[in-house]
Amino acid sequence: MQEAIPLGREQRKKKRMPAQPLKKKILIVDDEESVGIGMTEILKDAGFMAKYVTDGMKAVEEVAKEHYDLVFMDIVMPEVNGLEAFRRIKQIKKNVRVVLFTGFYKDAEKIIFEGIKEGMIEEFLRKPFFAEEIINIARKYA
13 MQEAIPLGRE
23 QRKKKRMPAQ
33 PLKKKILIVD
43 DEESVGIGMT
53 EILKDAGFMA
63 KYVTDGMKAV
73 EEVAKEHYDL
83 VFMDIVMPEV
93 NGLEAFRRIK
103 QIKKNVRVVL
113 FTGFYKDAEK
123 IIFEGIKEGM
133 IEEFLRKPFF
143 AEEIINIARK
153 YA
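Residue 141 in our numbering sits at position 129 of the sequence shown, and the numbers go up by one each step.
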């Protein structure tokens, strides 16, 4: 019969598994389903937790009930545009960071200017963008 030998403090430290870093949570908001789903998959493959919603009001509701480290939000959306949705989100959670994007730059020019003036926009992306751009921005701000 073998006798169990208690491990000393140093041996116990070596036996512990290293803590896994918590995955950063990112919310993607776009009325274009192919873009939203594509971004979600790219971010998940890069190791982030990502969720996709289809409009600004759903984004506001989602941020009210869950913590997100970063929000990627389309600017030009029906009903509530991206900047207005983000203003509402900031009233709920002040520390949420946002990256706005659009494929309709001319339509969004005024909104982008307002967001920059108000100091609300972390960064702006113009569609189409590359997976690498999304991942790098997520790593920078999340």
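The set of hints was computed from the structure by calculation and includes no laboratory data.
As the structure is a prediction and not an experimental result, all values here were calculated from the model.
Here a beta-carbon is modelled for each residue, glycine too, at the ideal position from N, C-alpha and C.
Errors might be hidden in some of the hints.
What the hints assert, rightly or not - With a straight-line Cα cutoff of 27 angstroms, these simulated DSS-like cross-link-like pairs (lysine-lysine) come out: (1) 102 x 139; (2) 56 x 122; (3) 106 x 70; (4) 56 x 37; (5) 36 x 122; (6) 77 x 106; (7) 77 x 36; (8) 139 x 63; (9) 102 x 36; (10) 129 x 139; (11) 37 x 105; (12) 77 x 122; (13) 105 x 63; (14) 102 x 129; (15) 70 x 105; (16) 122 x 35; (17) 152 x 122; (18) 139 x 36; (19) 106 x 35.
As the list claims (entries may be wrong) - Taking CB as the label site, the calculated pair distances span: (20) 136 x 103: 17 to 23 angstroms; (21) 73 x 107: 15 to 21 angstroms; (22) 46 x 147: 32 to 38 angstroms; (23) 77 x 34: 15 to 21 angstroms; (24) 77 x 122: 29 to 35 angstroms; (25) 130 x 58: 25 to 31 angstroms; (26) 77 x 140: 28 to 34 angstroms; (27) 53 x 129: 16 to 22 angstroms.
We went through each hint and held it up to the structure:
no.	hint	result
1	102 x 139	holds (24 angstroms)
2	56 x 122	violated (32 angstroms)
3	106 x 70	holds (18 angstroms)
4	56 x 37	holds (10 angstroms)
5	36 x 122	violated (31 angstroms)
6	77 x 106	holds (14 angstroms)
7	77 x 36	holds (16 angstroms)
8	139 x 63	holds (19 angstroms)
9	102 x 36	holds (19 angstroms)
10	129 x 139	holds (22 angstroms)
11	37 x 105	holds (14 angstroms)
12	77 x 122	violated (30 angstroms)
13	105 x 63	holds (17 angstroms)
14	102 x 129	holds (15 angstroms)
15	70 x 105	holds (15 angstroms)
16	122 x 35	violated (35 angstroms)
17	152 x 122	holds (26 angstroms)
18	139 x 36	holds (24 angstroms)
19	106 x 35	holds (21 angstroms)
20	136 x 103: 17 to 23 angstroms	holds (22 angstroms)
21	73 x 107: 15 to 21 angstroms	holds (18 angstroms)
22	46 x 147: 32 to 38 angstroms	violated (18 angstroms)
23	77 x 34: 15 to 21 angstroms	holds (19 angstroms)
24	77 x 122: 29 to 35 angstroms	holds (31 angstroms)
25	130 x 58: 25 to 31 angstroms	holds (29 angstroms)
26	77 x 140: 28 to 34 angstroms	holds (31 angstroms)
27	53 x 129: 16 to 22 angstroms	violated (34 angstroms)
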